[in-house]
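Engineer: In case you want the letters, here they are:
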Amino acid sequence: MLNQHSLLALTACLLCTDSFAQAPPNQVVQTAQTAVTAASTDAKAIMTAVESRDKANRVKSTLLLKIIDKGGRTRERTMRSWAMETGASERQLMVFDSPADVQGTSLLSIDHDDSKKDDDQWLYLPSLKKSTRISSGDKSGSFMGTDLTYSDMTRSATSDYEYTMVKQSISVGKGDGAEDCWLIEARPVTQKAKDETGYVKSRLWVSKSKLLPVQIKAWVREGRKLKFIKFDDLKLVGGHWMAHKISARTTRSREVLSTTIIQFADVSADNADVNDGFFDQNAQWWTR
Amino acid sequence: MGRAVLVASILFLATPLAAQTEDADWGDDQDEFGFADTPDIDLSAQPTLTALQLKGFLRSRAGFWLNRLDEDPISTLRQSLDLDGLYKGTGWRVVLGGHFEYDGAYELDESRYDDATLASYRARYFPREQYVAFQTAFIDVKFGRQTVAWGEGDVFSPLDIVNPRDLREPGLADLDDIRLSILATQLGVVSAVGRFELIATHEGYFGEQPSPLSEYSPLAQVLRANDLASTFLDDRTVRYKHTQARYGLESGNIVARWLLKAEGFDLGLYYGWLRDRQGVVVLPEGFELLDGLLDAGVSVNDLAGFPESIDLELDHRRYSLTGASISFVTGSFVAKSEWLMEFDKAYNTGRVSASIPTIDIDTMTLLTGMAGVTYSGFSETTVSLEAQQSYPLSGGTNALFPVSAFQTAARVSKSYLRERLRLDVAATAMGLKAQYGWLMRGGLAYELVDALKLTALYVHYGAGTASTVGPFNGLKTHDQLWLQIRWDFQIL
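Sequence order for the protein chains is A and B. Note that this note's numbering has the first sequence beginning at 1, numbered continuously upward. Note that this note's numbering has the second sequence beginning at 1, numbered continuously upward.
Derived by calculation from the structure, the hints in this document are not laboratory data. Please read these numbers as outputs of a predicted model, since none were measured by experiment. Any given hint could turn out to be false.
Calculated pairs, DSS-like style, for lysine-lysine (alpha carbon to alpha carbon, straight line, at most 30 Å) [said to hold, decoys possible]: (1) 194(A) with 66(A); (2) 44(A) with 201(A); (3) 60(A) with 476(B); (4) 194(A) with 116(A); (5) 88(B) with 129(A); (6) 167(A) with 201(A); (7) 476(B) with 66(A); (8) 192(A) with 235(A); (9) 245(A) with 129(A).
Here are some, though not all, of the chain A residues that point toward chain B, as calculated from beta-carbon distances under 7 Å [as the list claims (entries may be wrong)]: (10) 75; (11) 101; (12) 155.
Just so you know, even glycine gets a beta-carbon here, dropped at the ideal spot from N, CA and C.
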């Protein structure tokens with residue numbers, strides 16, 4: 001089930017949907033690099049703010065995945081995840097708890113902020129009793145058989161995309177949970193981004209109050225498919241918004257090819273024990 | 001063979017490339033039906049990990065000899081059960097595992113097999129890991145039966161020196177079945193400059209080989225080289241007997257490794273003072289007299305007084321080694337390499353093509369290098385290549401086995417249907433022109449439901465053309481098709 005590149009720290013997904021501290025609607029929201037308001041119309045500035053926002057750190061969580069294929073057959077996975085931002089890199093560890101054939105399989109990933117450096121990743125397979133260095137490889141491939149890809153899980157460089165404002169204001173959700181959003185279209189302009197995402201273009205519904213995407217629709221080049229990703233159950237964890245449920249559907253000609261539901265449980269941030277020693281690749285306590 | 005792998009690779013890779021297009025005119029920009037709500041996952045129904053864990057898997061396998069479908073079609077009917085228990089306390093843990101197997105194919109026509117073959121293949125129990133371990137943040141100690149995977153290579157890993165191997169069915173066993181646990185004490189120390197491991201093994205267990213007269217034995221053809229020998233062996237059993245006692249201070253090994261997993265690369269340094277896993281064949285005293293007997297026109301009846309059980313002695317002589325390993329990533333490539341020098345390593349000399357084999361023992365100093373690369377830049381695909389070459393620096397002449405044969409291995413893995421279906425094609429060859437034999441296998445695994453997998457595996461052997469004995473020697477009618485179903489379960 002596991003190939004070398006498909007395992008990725010899904011916590012990145014969690015991180016990509018979190019936000020800086022809660023801000024009321026229409027208030028100026030500011031990040032380290034830029035400031036935007038609900039009236040902002042510069043799509044690139046908004047996406048730069050989304051990508052550079054502060055985020056939760058030293059995060060622990062449990063993930064439950066359900067993959068439903070076209071025929072309605074389901075597969076389920078559970079795993080534990082830890083993530084930490086060090087300033088120079090993002091460290092993530094995932095350990096699978098079920099199903100039984102992959103229990104104990106783990107992936108340690110060190111994603112360097114310096115894009116010139118290759119990421120460091122070690123995959124531990126308990127059946128082989130071996131922890132081996134792997135390449136992140138094909139980032140457009142499916143993550144663990146889900147509807148998400150490696151590139152869906154990682155932050156993207158805004159310089160790799162061209163952004164267009166499609167709608168200045170659009171509401172997503174119902175009742176009290178409705179979010180006022182910008183609708184922004186992103187097109188990869190570099191070959192690297194085209195290859196890594198596998199998308200011709202994507203549309204993002206970005207919450208104005210939380211400055212994070214709550215929906216993404218992507219045009220998948222391979223097979224001319226559409227992918228719909230939705231972030232639900234947004235909760236504050238350690239002062240940061242986090243989606244606790246992610247749904248992804250892949251469709252073609254209005255036919256649903258597969259659906260993935262990812263639910264987060266036991267999420268906590270700022271855990272003191274999630275530190276440098278925890279991710280020590282030489283100790284690899286999780287393999288013992 | 002290489003061409004077949006290449007063609008297969010192109011076929012696997014061509015599909016997604018051909019389907020690519022830059023045209024984005026599909027899907028209505030306003031159509032958002034895909035955002036419809038999904039049901040919540042019931043968190044309370046999920047399994048929770050406890051201090052005591054018990055899991056395992058059941059496996060049923062049926063195999064067919066493709067070259068002998070008319071006369072002798074069944075190669076294996078194996079049922080196996082693996083059980084693993086783990087209890088984790090604070091700073092300590094106990095692991096207890098075992099593997100049981102029974103192969104019904106050896107009941108079908110029992111008289112075809114000698115006793116050693118039946119003992120080796122019919123019903124077996126192998127202890128898996130069975131140890132107690134204590135650990136702090138920087139030190140861990142483990143005592144008991146252990147499995148330790150060293151080295152960087154996937155197919156060739158000459159530095160993977162700790163555990164004996166199960167080589168009863170060359171090229172057929174699953175990778176996770178090959179290493180056999182060994183009684184050992186392990187000390188691990190973690191520091192800022194890597195991890196140091198010191199392991200002392202406490203038993204002379206050299207693994208499982210095909211019994212000398214079994215289907216997979218490279219010696220079977222040699223031992224049955226002429227009609228007289230073949231008739232003589234029909235009523236006898238031939239088994240390996242190890243010179244070294246199973247337990248005893250003299251039987252163990254001492255091995256050590258320092259491994260640094262750093263930014264951009266992994267580097268390991270190795271040392272071993274150990275007994276040769278393969279061993280050298282020691283012919284029984286007076287064996288050379290057989291040649292004279294044959295010349296004198298001896299018949300099978302004249303040999304009736306010979307014992308029914310013949311021991312073929314394997315002497316696992318001690319030698320030492322030092323080595324280094326490295327692996328690093330560049331883009332979608334992972335490069336791996338191992339280098340080692342083995343000192344005073346015993347090897348067999350002589351020839352087996354004579355009516356009576358002439359076999360002697362000598363020692364050599366052997367330098368071995370392995371290099372490999374894995375590429376995972378294609379969609380859902382991994383391609384890997386490995387090559388290994390040994391150079392005798394002293395000795396190594398007139399070797400009975402091809403000690404310096406160039407070895408290559410290639411593998412392509414591709415998953416489909418969101419990793420529900422997986423295709424693996426692999427090939428390995430000994431010798432630049434595969435003159436010492438080669439093997440190709442292709443497997444298709446389909447996950448019916450979570451943790452229940454159906455696999456079809458095809459294996460083709462090339463016996464090679466050289467007169468020197470290689471691992472696939474004599475495997476001329478051994479192509480097989482296997483069907484396997486495996487169910488992994490968790491009790492606690």
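Engineer: None of the hints should be skipped; say for each whether it holds.
Structural biologist: Hint-by-hint comparison with the structure:
| no. | hint | verdict |
| --- | --- | --- |
| 1 | 194(A) with 66(A) | 28 Å, holds |
| 2 | 44(A) with 201(A) | 15 Å, holds |
| 3 | 60(A) with 476(B) | 56 Å, violated |
| 4 | 194(A) with 116(A) | 18 Å, holds |
| 5 | 88(B) with 129(A) | 18 Å, holds |
| 6 | 167(A) with 201(A) | 16 Å, holds |
| 7 | 476(B) with 66(A) | 47 Å, violated |
| 8 | 192(A) with 235(A) | 33 Å, violated |
| 9 | 245(A) with 129(A) | 33 Å, violated |
| 10 | 75 | 5 Å, holds |
| 11 | 101 | 4 Å, holds |
| 12 | 155 | 19 Å, violated |
Hints 3, 7, 8, 9, 12 from the earlier list are contradicted by this structure; the remaining hints agree with it.
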